[in-house]
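**Q** Sequence:
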Amino acid sequence: MHSWLENIVNLYRNMRNDNFALFDEDPLGRSINLQSHCYGEFSSAVVQANTTMEDQSQIEVASNNALFLGIYDGHGGTQASRFICEHLFKNLLRFANDNENDITEATLRNAVSATEEGFLDFAKMNYMHQPNLGYVGSCCLAGIIWKETLHVANLGDSRVVIGTMVNKKIRAEQLTRDHNCNDEAIREELRAMHPDDPNVVINDNGSWRVKGFITVSRAIGDAYLKRSEFTLRESFPKLEIVPEPFTRGVLSAEPEMHTRVLTDNDQFIIFASDGLWDFLSNKKAAEIVRKNPRNGIAKRLLSTALAVAAKRRKVTYRKIQAAATGRNNVSRRSFHDDISVIVVFLDKTSFPRQPVLNLSYTGSSDRPVQSDFAQFGLTTSRLDSMRHRSLKDIIQFESGSSHASSSQGPRTPLALNPQTLEGESSRAQSNR
Numbered sequence: 001m002h003s004w005l006e007n008i009v010n011l012y013r014n015m016r017n018d019n020f021a022l023f024d025e026d027p028l029g030r031s032i033n034l035q036s037h038c039y040g041e042f043s044s045a046v047v048q049a050n051t052t053m054e055d056q057s058q059i060e061v062a063s064n065n066a067l068f069l070g071i072y073d074g075h076g077g078t079q080a081s082r083f084i085c086e087h088l089f090k091n092l093l094r095f096a097n098d099n100e101n102d103i104t105e106a107t108l109r110n111a112v113s114a115t116e117e118g119f120l121d122f123a124k125m126n127y128m129h130q131p132n133l134g135y136v137g138s139c140c141l142a143g144i145i146w147k148e149t150l151h152v153a154n155l156g157d158s159r160v161v162i163g164t165m166v167n168k169k170i171r172a173e174q175l176t177r178d179h180n181c182n183d184e185a186i187r188e189e190l191r192a193m194h195p196d197d198p199n200v201v202i203n204d205n206g207s208w209r210v211k212g213f214i215t216v217s218r219a220i221g222d223a224y225l226k227r228s229e230f231t232l233r234e235s236f237p238k239l240e241i242v243p244e245p246f247t248r249g250v251l252s253a254e255p256e257m258h259t260r261v262l263t264d265n266d267q268f269i270i271f272a273s274d275g276l277w278d279f280l281s282n283k284k285a286a287e288i289v290r291k292n293p294r295n296g297i298a299k300r301l302l303s304t305a306l307a308v309a310a311k312r313r314k315v316t317y318r319k320i321q322a323a324a325t326g327r328n329n330v331s332r333r334s335f336h337d338d339i340s341v342i343v344v345f346l347d348k349t350s351f352p353r354q355p356v357l358n359l360s361y362t363g364s365s366d367r368p369v370q371s372d373f374a375q376f377g378l379t380t381s382r383l384d385s386m387r388h389r390s391l392k393d394i395i396q397f398e399s400g401s402s403h404a405s406s407s408q409g410p411r412t413p414l415a416l417n418p419q420t421l422e423g424e425s426s427r428a429q430s431n432r
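Note that the UniProt record's numbering has the sequence shown beginning at 1, numbered continuously upward.
Read the hints as simulated data drawn from the structure, not as lab findings. The C-beta atom is built at its ideal place from N, Cα and C for all residues, glycine as well. Treat the hints loosely; a few may be bogus.
Ranges of calculated distance between the beta carbons of each label pair, as one might list FRET restraints [as the list claims (entries may be wrong)]:
hint	residue 1	residue 2	range
1	D196	D264	15 to 23 Å
2	N199	E148	26 to 34 Å
3	N328	D183	41 to 49 Å
4	E100	P27	44 to 52 Å
5	V308	S207	15 to 23 Å
6	D121	V315	39 to 47 Å
7	A322	S207	37 to 45 Å
8	P293	E229	50 to 58 Å
9	H129	A106	33 to 41 Å
Let the hints inform the model, and build the full structure from the sequences given.
**A** Here it is as structure tokens:
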């Protein structure tokens, strides 16, 4: 074979085997390559492993001043993560409206608490018809950039990592704490909160769990570990063994709050569910973001994590892609969890970067819809001046696989003018 032809063949073979390129062929993957927000740009990606996608992710882009981000890692079912995705942001806007159109750490905390109460009331109301509502729950990682300040609320083991420039090098700084019982500090925290309960955390085959049930110490939902009306009834999963009856709540829904004034040194922020951090360290993730093009960067993080998952099991990424969803020794879930990733770039020198639409993106939808920011007085909507322009002409919404399975279809826009959605979403085909 001629050397030039051999080089072309080898190049094509390498391209076909590149995990980043292969992600677009993953029937359970979906991505947004790169979009604008008022402080810079963002990228997101998700991949499913469970029979039904239990992760939900959310990006709410305001025309100016604000960007809301949410990662909701569900467990036991989809109801809790979907409930959070539908209600948390609306609750935040409601509390901000009551706070003279201002968003603070307390505003976000109150929104999370209201979402928790709303879901528990929903579970109680529908429990007789849907007993599984007693044990379904979700981690909740929510953040908002408001007037150059980042507020974060966290329950569970999803994580926020900020890439900060220090002495011309990127330093990965973990902003949140993982509320996971496999961390000794979390176990000690639980024991201190429940000194009269020696079994508040139990080691189950090498994994520490609250009462032997769940690895996270804070979450939305999981009513059977919080409210007495659920703890002694049928709400316990049939596969779980109750070590002893208990009536006192043992799982917390108090979000851990973090506030940070963003500086010129803060380059980017990574929001991700624990499935990503199972395979990538904070430092490695930050290096990937720093050293690669922005376009498709969330997809690159996720595909790199899946490559590590494949290597650990001594298989190829294609082998993982071919695995069926579900929970058995050869299923997709045996290789990795549902994973959601959002990367936000901060272009401080041009705050706000440019006028953008009030748009809402979710990991379960191929198309953006109008964000509830548009109905709220704290941002300036520019939709009216763009009514007669195709959305396709204004933005390029690039999704991953159009075949991605999801527990939730596209959200119905609130008071959305259909003319603003003339453009069709398209699968990403090229890098910037």
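**Q** So, for every hint listed, does it hold in this structure?
**A** Right, here's what the structure says about each hint:
The hinted range of 15 to 23 Å is not satisfied by D196 and D264, whose Cβ atoms lie roughly 50 Å apart. A hinted range of 26 to 34 Å is violated for the C-beta pair N199 and E148, which are about 46 Å apart. Between N328 and D183 the C-beta distance comes to about 29 Å, which lies outside the given range of 41 to 49 Å. The beta-carbon spacing between E100 and P27, approximately 48 Å, falls within the hinted interval of 44 to 52 Å.
With their beta carbons about 20 Å apart, V308 and S207 fall inside the hinted range of 15 to 23 Å. A hinted range of 39 to 47 Å for the beta carbons of D121 and V315 is consistent with their spacing of about 45 Å. Checked against the hint of 37 to 45 Å, the C-beta distance between A322 and S207 comes to roughly 28 Å, which is inconsistent with it. For the hinted restraint 50 to 58 Å between P293 and E229, the CB-CB distance of approximately 53 Å keeps it satisfied.
Between H129 and A106 the beta carbons are some 36 Å apart, a value that agrees with the proposed interval 33 to 41 Å.
When each numbered hint is compared with the structure, violations occur for hints 1, 2, 3 and 7.
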